[in-house]
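Engineer: Listed below are the residues making up each chain.
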Amino acid sequence: MSAEQAVARLHNGMVIGIGGWATRRKPMALVRAIIRAGLRDLTIVAYGGPDVGMLIAAGAVRKLVFGFVSLDHVPLDPYFRAARQAGTLEVLEIDEGLLHWGLRAAAMRLPFLPARTGLATDVVRQGFRTVTSPYDDGEEFLAMPALKLDAAILHVHRADQAGNALVLSPDPFFDELMARAADKVFLSTEKLVATAALDLPAQARFNPFERALVTGVVETPFGAHPTGATPDYGIDLDHVRAYAGGGDAAQWSEYRARYVDLPDHAAYIAAAGGAGRIGTLPAPVY
Amino acid sequence: MADQYSLAELVITAASEAWRHDGEVLATGIGVVPRLAAGLAKLSCNPHLMMTDGEYQLVEEPVPLGDRGDYVVRPEGWMPYERTFSLLWSGRRHAMVGPVQTDRFGQTNISSIGPHAKPKAALLGARGFPGNTVHHPNSMFVPTHNTRSFVAGEVDFVAGAGYNPARWPQGRKPIGLDLRLVVTDLAVLDFGGPDHQMRVVSLHPGIRLAQVQENTGFPLAQADTLATTPAPTQEQLYLIRTRLDPHGVRRTVFKGDPPGTRQAA
Numbered sequence: 000m001s002a003e004q005a006v007a008r009l010h011n012g013m014v015i016g017i018g019g020w021a022t023r024r025k026p027m028a029l030v031r032a033i034i035r036a037g038l039r040d041l042t043i044v045a046y047g048g049p050d051v052g053m054l055i056a057a058g059a060v061r062k063l064v065f066g067f068v069s070l071d072h073v074p075l076d077p078y079f080r081a082a083r084q085a086g087t088l089e090v091l092e093i094d095e096g097l098l099h100w101g102l103r104a105a106a107m108r109l110p111f112l113p114a115r116t117g118l119a120t121d122v123v124r125q126g127f128r129t130v131t132s133p134y135d136d137g138e139e140f141l142a143m144p145a146l147k148l149d150a151a152i153l154h155v156h157r158a159d160q161a162g163n164a165l166v167l168s169p170d171p172f173f174d175e176l177m178a179r180a181a182d183k184v185f186l187s188t189e190k191l192v193a194t195a196a197l198d199l200p201a202q203a204r205f206n207p208f209e210r211a212l213v214t215g216v217v218e219t220p221f222g223a224h225p226t227g228a229t230p231d232y233g234i235d236l237d238h239v240r241a242y243a244g245g246g247d248a249a250q251w252s253e254y255r256a257r258y259v260d261l262p263d264h265a266a267y268i269a270a271a272g273g274a275g276r277i278g279t280l281p282a283p284v285y
Numbered sequence: 000m001a002d003q004y005s006l007a008e009l010v011i012t013a014a015s016e017a018w019r020h021d022g023e024v025l026a027t028g029i030g031v032v033p034r035l036a037a038g039l040a041k042l043s044c045n046p047h048l049m050m051t052d053g054e055y056q057l058v059e060e061p062v063p064l065g066d067r068g069d070y071v072v073r074p075e076g077w078m079p080y081e082r083t084f085s086l087l088w089s090g091r092r093h094a095m096v097g098p099v100q101t102d103r104f105g106q107t108n109i110s111s112i113g114p115h116a117k118p119k120a121a122l123l124g125a126r127g128f129p130g131n132t133v134h135h136p137n138s139m140f141v142p143t144h145n146t147r148s149f150v151a152g153e154v155d156f157v158a159g160a161g162y163n164p165a166r167w168p169q170g171r172k173p174i175g176l177d178l179r180l181v182v183t184d185l186a187v188l189d190f191g192g193p194d195h196q197m198r199v200v201s202l203h204p205g206i207r208l209a210q211v212q213e214n215t216g217f218p219l220a221q222a223d224t225l226a227t228t229p230a231p232t233q234e235q236l237y238l239i240r241t242r243l244d245p246h247g248v249r250r251t252v253f254k255g256d257p258p259g260t261r262q263a264a
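Residue numbers (numbering that gives the first Met the number 0), protein chains in the order written: chain F, 0 to 285; chain P, 0 to 264.
It is worth saying that the hints were derived from the structure and are not from the lab.
Careful, some of the hints might be misleading.
On the chain P side, residues computed to face chain F include the following (Cβ under 10 Å) [what the hints assert, rightly or not]:
1. 81
2. 109
3. 110
4. 121
5. 133
6. 160
7. 166
8. 205
9. 208
Every residue, glycine too, gets a C-beta built ideally from N, C-alpha and C.
Isolated chain F, as found in the complex (with noise of 0.2 Å):
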């Protein structure tokens, strides 16, 4: 499918997942088709990178569920930064391990799980509940809810069109639980392929979760454009930066026009810099 076909079948006031981790392997093709789609009143659960400014910048989101926005290279990504302090953003933050922790739960169909993170800090004053332990040990938790989404967008980095996926970075963050979470799931990927071409088994490992989890797959060269998606091609700080500099309501019109109302994917791999570019920038170092 496209990634309009994929985003109508997202609708105002749904709880979405964001794949990825700040700015790594973000379905960002996907966020730009929810932008123009001019979606509104979403709840957005992510490890946040540009994926969740941009979104916000375009007016989407009424809540953000985070444990951080960064752009890594750029510490503070600036529409979050300004919606924040404008005082106009709702957030539940929360610690990066309790987000894959409430994940955890709503993949496991449980309510909540226990946990001793966000206990003596203000992230439990924010309406958490706690649970005693039923055994002798008699300790107190936190129990975090669980996170359970409507839908979640993920870039892979090969798929089939049954949404048999292979996500060949070093780290697959929380893809996984995201996927379990979610209703629907809808993948960009890389490369569209034959399942014969996914090479398993000896790719075996790069495979993150069954095809009954996902309901559409999208193919996007450079899809995660501009964060990165190792091995296929590295974040692009150049863009990145760029980005980054802006955070008032002109400034964002000005990169809306030129990265996002575009007639298709390929015209925005052109405005990016082309497949040639893209397809060169090296792994980031940390």
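Given the structure of chain F, go ahead and fit chain P onto it with the hints provided.
Structural biologist: Quick look at chain P alone, frame taken from chain F:
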């Protein structure tokens, strides 16, 4: 011999002591000084430490900072984020982090300055601070020791837990809460005072105790003995300059890259 090392090199050396007695745990240093300090600890006082490349691999030796040039990373294992959480929840890690605010309880903030609903400054977010601080030892590096970084009252958003029983569940100290060294541009401190009150362990050369207290928003405990922060040895300087930070990223930590010995005021 004086002034042959920089303030950055002094604090890297002092901070490396945080891991001396930890044995075989994951040493994580977030930021230039903590990362170099963890590397220095691994190459000097505690070779048993585990470290990562800052991304996803465990490495046999610390990876130098910045452009790697001809340097080839020496991986010894895989450490994706999911495994990092599993490991840190087990307690087998000691992190050194850079909080924006720290209070008298050792509670820390990197989330936001001002009211949480509408902050004056929105920073990164709580990141891993809530989980780290209740599961494993933590140390801190604070490059600018003043009353904005060491605040009166509580920090604006308590992202990292501290020695504040009023916030502990059932009044019981969280299982892994263990705050260790605090290294600043003025001194080395710890939480070894009565009821975990913060105290000065050593003053950097040329710094007076009164200066540290004046720049701290809460009373510091009286130290039993007050030392001068030891100068880096020639071996430590060699490791920092040649092995860990060949491009001199440490020179950007403090404005003007001042010498390790300041003129007494």
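Engineer: Hint by hint, say whether it matches the structure.
Structural biologist: Right, here's what the structure says about each hint:
| no. | hint | verdict |
| --- | --- | --- |
| 1 | 81 | holds, 7 Å |
| 2 | 109 | holds, 9 Å |
| 3 | 110 | holds, 6 Å |
| 4 | 121 | holds, 3 Å |
| 5 | 133 | holds, 5 Å |
| 6 | 160 | holds, 4 Å |
| 7 | 166 | holds, 5 Å |
| 8 | 205 | violated, 32 Å |
| 9 | 208 | violated, 31 Å |
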